[in-house]
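J.: For chain A, the structure is supplied; the task is to place chains B and C on it using the hints.
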Amino acid sequence: MSQTISAHVSDQNHGHVDQEGLKTLGFWIFLVTDCLLFATFFAAYAVLRTHTEGGFSAKDFNVPNFIIETFILLTSSFTSGLAVLSMHKGNKKGLIRWLIITLLLGAAFVGLEVKEFADLAAEGATISRSAFLTSFFALVGTHGAHVTFGIFWMIGILFQLSKRGITPVTTRKVSLVSLYWHFLDAVWIFILTVVYLMGVM
Amino acid sequence: MNKWIQTAKLSLLAFLGTALLSGCDRSKFIVLDPRGPVGKQEYNLIILSVILCAIIIIPVIGIFTYIVLKYRDKPNNKAPYQPEWDDNKFLEIIWWGIPIIIVAILGVFTAKTTMNLTKPPVKDVDPIVVQVTSLDWKWMFTYPDKKIATVNYAEIPAGVPVQFILTSDAPMNSFWVPQLGGQEYTMPGMSMGLWLQADKVGEYFGSGANFTGKGFAHMQFRVKAVKQEEFNKWAKQVQKDSPVLTKAGYKKLSKPSLEKELSFSSYPIGLFEDIVNKNGGIYYDHMNHMGDHTTMSDMNMKK
Amino acid sequence: MDNSHFFVTGDPMIYGADVSIILVSLAIIIYLTYFKKWGWLWREWITTVDHKKIGIMYLLSSLLMLFRGGVDAVLMRIQLAVPNSHFLASEHYNEIFTTHGTIMILFMAMPFMFALFNMVVPLQIGARDVAYPFLNAVSFWLFFLGAMLLNISFVIGGSPNAGWLSYAPLSENDFSPGPGQNFWIWGIQISGIGSLMTGINFVVTILKMRTPTMRLRDMPLFSWSVLASSIAILGVFPIFTATLAMLTIDRLLGGHFFTMTGGGNPMMWVNLIWMWGHPEVYIVVLPAFGVFSEIVATFSKKRIFGYASMVFSMIAISIVSYYTWVHHFFTMGAGANVNIVFAICTMIIAIPTGVKVFNWLFTMYRGRIRITQPMLWFMAFVPCFLVGGATGVMLAAAPADYQYHNSYFLIAHFHQVLIGGVVFGYLAGMYYWFPKIFGIKLNERLGKWAFWTWQIGFYVCFMPQYALGFMGMTRRMYTYNSTMGWDMGWAPLNMISTVGAFLMGIGFIFQVWQILYSIKHGERDVTGDAWDGRTLEWSIPSPPPVYNFAILPVVKGRDAWWYQKQEMQKGSYQKEAVKYEPIHMPNNSGIPFLMAVCFFIAGFGFTFEWWWMGIAGLIGVFITLFARSFQYNTDHFISVEEIERTENALRNHGSIHRTAN
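Protein chains in written order, with the working numbering: chain A, 24 to 224; chain B, 74 to 376; chain C, 417 to 1077.
The shape of chain A in the complex, shown without the other chains (with noise of 0.2 Å):
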């Protein structure tokens, strides 16, 4: 095992390893971590789920709502991903017009969410109404903080794409805005499941 990690080092760049790829790595064992940190809020609801105080609980979802939603995020994780073949076939054009389309799609999930959030709070399940309220917002207010960041980053990206096109240090990036956006795309069938449907069920 040893020999085939010591032979990807390439030597090529003076001694120095393959600095996108090094990134590249080094993302996805923060993805992992980020899996942890999601495990953590998904046990504490697990823990809470029933500790309603006599009020909202798990059954009273909306669910057109979280359908709707669940349907604009998995398109745009497909949008995400042609995006990154439009790249690969170097369609800096194309490239921009699928980023575009992710991050619009992206935010009208957060939108949605922001309403449910918002639609929750009318109602009085508020945060504090219980301890299952305050799981379930974190839990979904976690991802929802995580899409709003990848918006972010897609624009900042957007930028450097249309500066400087497509060159090895863009293309890491759109890949790992890309992979970024199919993580948390995991998670969200993860908190559909546990979540919604399991709650409504």
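None of these hints come from the bench; they were simulated from the model.
Heads up, a few of these hints could be off.
To be verified - For lysine-lysine, the following BS3-like pairs were computed, each having C-alpha atoms within a straight-line distance of at most 27 Å: (1) A:82 <-> B:351; (2) C:453 <-> C:469; (3) B:287 <-> B:325; (4) B:192 <-> B:300; (5) B:143 <-> C:717; (6) B:147 <-> C:864; (7) B:300 <-> B:324; (8) A:46 <-> C:469; (9) B:313 <-> B:300; (10) B:147 <-> C:936; (11) C:864 <-> B:143; (12) B:309 <-> B:219; (13) C:717 <-> C:857; (14) C:972 <-> B:162; (15) C:624 <-> A:46; (16) B:287 <-> B:351; (17) C:717 <-> B:162; (18) C:624 <-> A:196; (19) B:147 <-> C:986; (20) B:219 <-> B:143; (21) B:300 <-> B:287; (22) C:857 <-> C:469; (23) B:196 <-> B:300; (24) B:151 <-> C:717; (25) C:981 <-> B:151; (26) B:151 <-> C:986; (27) B:147 <-> C:717; (28) B:147 <-> C:972.
Stated by the list, open to error - Which bits of chain C does chain B cover? Going by a derived footprint, with three or more residues having C-beta under 8 Å, they are: (29) 496-510; (30) 789-801; (31) 902-910; (32) 1034-1043.
Said to hold, decoys possible - A few chain B residues that face chain C, going by a derived Cβ cut-off under 10 Å, partial list only: (33) 111; (34) 150; (35) 161.
Owing to the predicted nature of the structure, the values given are computational and were not obtained by experimental measurement.
Yeah, the Cβ is synthetic: ideal placement off N, Cα and C, and Gly gets one too.
T.: Quick look at chains B and C alone, frame taken from chain A:
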């Protein structure tokens, strides 16, 4: 140089030995002086673990001293020098093996004692129940059979297993009477069971062991073990002479403060259950933990 | 929130601290201005991404924090020296033990560990820097400003006082209102993010940045220990971040994760914080094991015994350490079966740890032992850690733990493993690698004074505490013998323990004196190989040039430098023609510092619930992230001429002319 390391070490040990022994007679080491079956079982496990650890530590320190003395880097040192010797499967098996055996022995006894402590210490005597609530910064004891309550002291009959049922109406604390046995947490929303028993009549020191803020250091209490008749007499006396603990009275008592020893002739029905439930007790099944093998007829914790 | 108590008032000691803080700050500012050092400070230190300089800054900060935590310890011991003492009030005592624990673990042990990571790992694996030098600087500044955030709490706003792990619900708004607890949350949250990034950084550094000829199975054991520790960091620091975030939500937004009301579950806090907290102690102790492995081999002039089982035992420890957290609360009544499982897992950890001790002993066996300063600390570590480990096994026996839990027996145990294991280990590491990083050997005579006062102080301080545990004394009591007429006989042993604490304090003063004295008068190491070392870091000059290795070293096996020296002696060493190539290095950057300052502002704002300030700080963080993302000019090449110049200067300066591999 090396000689005086040894001398220093020895004199240090001697100093510590005398320091530990002087000024404090053995009876002060209350953990090592148990007065009930629970404390005694724990004491036995402590002694066993000390012996097992000593079996490892003493020879290792011996070997260590020997090696350091023998293989010093001195020009005239005739001891063998093998700079490339770095592997010996046989030796490695020995020192993986010995700790495994020791841990296995200790593990078995730990498991046995852990299981034992979940049962009443003696089988042929009917246990009594004492409910314990830790408050900021005092202890309240309620006796469901006698319908009396006390603060900062508890009386129990000697020779009778006592099922302490613990909760808290304040940050988590820990209920510890070293001479009767080990401690258990008192936690808001939970009711926990702890079996203790005093073999002999006497007064035992108890304290809160888990930090709860400003007045924590003052959360000490007295457990007085008396003969069964005297216990009954004391309960009657309290029922007759002491004031009533009302709902308002409890509310006042539960506010942060320090209190002396108090006695109450009665308390609001279901006080303990209410305390557990209002702090989240409705969300848990109760009494399925250590200290629980009898169903408490007067505990109705399920939703 | 009531902000009328912004400045802590009312205690003469605090006023004294205020005055000394202002005076020291003024002195620093005047010094920097008078000697026109601001530019130097900015260029050479604040913006640096060089792992060696970052390591030095970690080391300095951790020694500073050791001082602060040590003062806390001494204050506590003064208070407890006699019964019914009125030296400190209850709240003040509670604040002091809280900051003592928090600072010693998170702001002393962790940065000391990162100091060793940074100063040693790249040199030991033949790398020119860590995998992400910029991120490394971010980590440092997050740690540093997080630590400062917690530290200012004692003059501004008030210190936290709910214990170093701040058990809920005591740490919730109902029982600990005000900024103190928030300082704790934000201080360790910010530095914790830095620790997580350091973990990622060193995992990748070790896996990817080794000199191409170094196989993992030839890697020095210290680097292995760093890998094991970093992997453990990756596993548990996310839990820590999330758990602190939950407490933040409770305190700032009125949530109910751990409250008594609203259906919250305080036991969940205890579980989550120990899921991080237990592996955390192995995170800090593993590198100490690594340090000792290097030291024992070097000063026994012998290969490390049982290399494979050393590596295996470290990995085993870091994995099993995830499954022991419940032993911190056997008394929570999780049930007999749960207690048994976690008791046995805890005991199992003792097995690989014990094996390591045997392997160290047999590394010395048939070796040639030189008793140098690092070796002295190793020799102190062995008996100390054995006893500490044994009391750990005693504590692991769950029913016996019911009698030790939260008593002074426990206090004595964890100080014995944390001081005897971690602190002795890191100090040994500091003595060992100080000549490498600074080119200066630390004075032997002062070092011995420090060593012996430390050792005697340690045993005098903590052995009585085991006895106090058996006498029923519980931890975190600010006073004793004052209630209900109980006289438990605790006074004499407490007095002895206090004497020991003072001795350790004197030991620390000796060390500071030793370092300052040695910087001025100490013996200079011109060989680059101060101890006749075995691993690659000793093959380059001390202090190493900015790029560490002019040419990446060729490694043929374990202890590469040792065998190269033997070949050189025999004359069989094939010196290849030196042909330098330009070296690719990262540029300095001010962004890490500015990012951490923004984090500090955010943390400070949220601490006082000044939302505008907290949000402004977070926006600042995003701006710095963006600024970094738009930076393309992030590295440069060192030219061949410059390398030649540097190498010639360094190597001609040395009395022994050395080959550059």
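J.: Taking the hints in turn, state whether each one holds.
T.: Okay, the hints, checked on the actual structure:
1. A:82 <-> B:351: OK: residue 82 of chain A and residue 351 of chain B at ~24 Å, within 27 Å.
2. C:453 <-> C:469: The hint holds at about 17 Å.
3. B:287 <-> B:325: With Cα atoms ~18 Å apart, residue 287 of chain B and residue 325 of chain B stay inside 27 Å; holds.
4. B:192 <-> B:300: Status holds; Cα separation ~23 Å.
5. B:143 <-> C:717: With Cα atoms ~14 Å apart, residue 143 of chain B and residue 717 of chain C stay inside 27 Å; holds.
6. B:147 <-> C:864: Holds, at roughly 20 Å.
7. B:300 <-> B:324: With Cα atoms ~33 Å apart, residue 300 of chain B and residue 324 of chain B exceed 27 Å; violated.
8. A:46 <-> C:469: Holds, at roughly 23 Å.
9. B:313 <-> B:300: Status holds; Cα separation ~20 Å.
10. B:147 <-> C:936: 31 Å, violated
11. C:864 <-> B:143: 22 Å, holds
12. B:309 <-> B:219: Measuring from Cα to Cα gives roughly 8 Å; hence the hint holds.
13. C:717 <-> C:857: The given pair, whose Cα atoms are some 20 Å apart, holds under the 27 Å limit.
14. C:972 <-> B:162: This hinted pair holds, its Cα atoms lying about 24 Å apart.
15. C:624 <-> A:46: 11 Å, holds
16. B:287 <-> B:351: With Cα atoms ~24 Å apart, residue 287 of chain B and residue 351 of chain B stay inside 27 Å; holds.
17. C:717 <-> B:162: OK: residue 717 of chain C and residue 162 of chain B at ~22 Å, within 27 Å.
18. C:624 <-> A:196: Holds. Residue 624 of chain C to residue 196 of chain A sits at ~20 Å (cutoff 27 Å).
19. B:147 <-> C:986: 24 Å, holds
20. B:219 <-> B:143: Violated, at roughly 71 Å.
21. B:300 <-> B:287: Violated. Residue 300 of chain B to residue 287 of chain B sits at ~37 Å, over the 27 Å cutoff.
22. C:857 <-> C:469: 18 Å, holds
23. B:196 <-> B:300: 19 Å, holds
24. B:151 <-> C:717: 16 Å, holds
25. C:981 <-> B:151: 25 Å, holds
26. B:151 <-> C:986: 25 Å, holds
27. B:147 <-> C:717: Holds - the C-alpha atoms of residue 717 of chain C and residue 147 of chain B are around 13 Å apart, at most 27 Å.
28. B:147 <-> C:972: 31 Å, violated
29. 496-510: holds (count 3)
30. 789-801: holds (count 3)
31. 902-910: holds (count 5)
32. 1034-1043: violated (count 0)
33. 111: 9 Å, holds
34. 150: 7 Å, holds
35. 161: With a closest approach of 8 Å, the residue 161 of chain B hint holds.
Of the numbered hints listed earlier, those contradicted by the structure are 7, 10, 20, 21, 28, 32.
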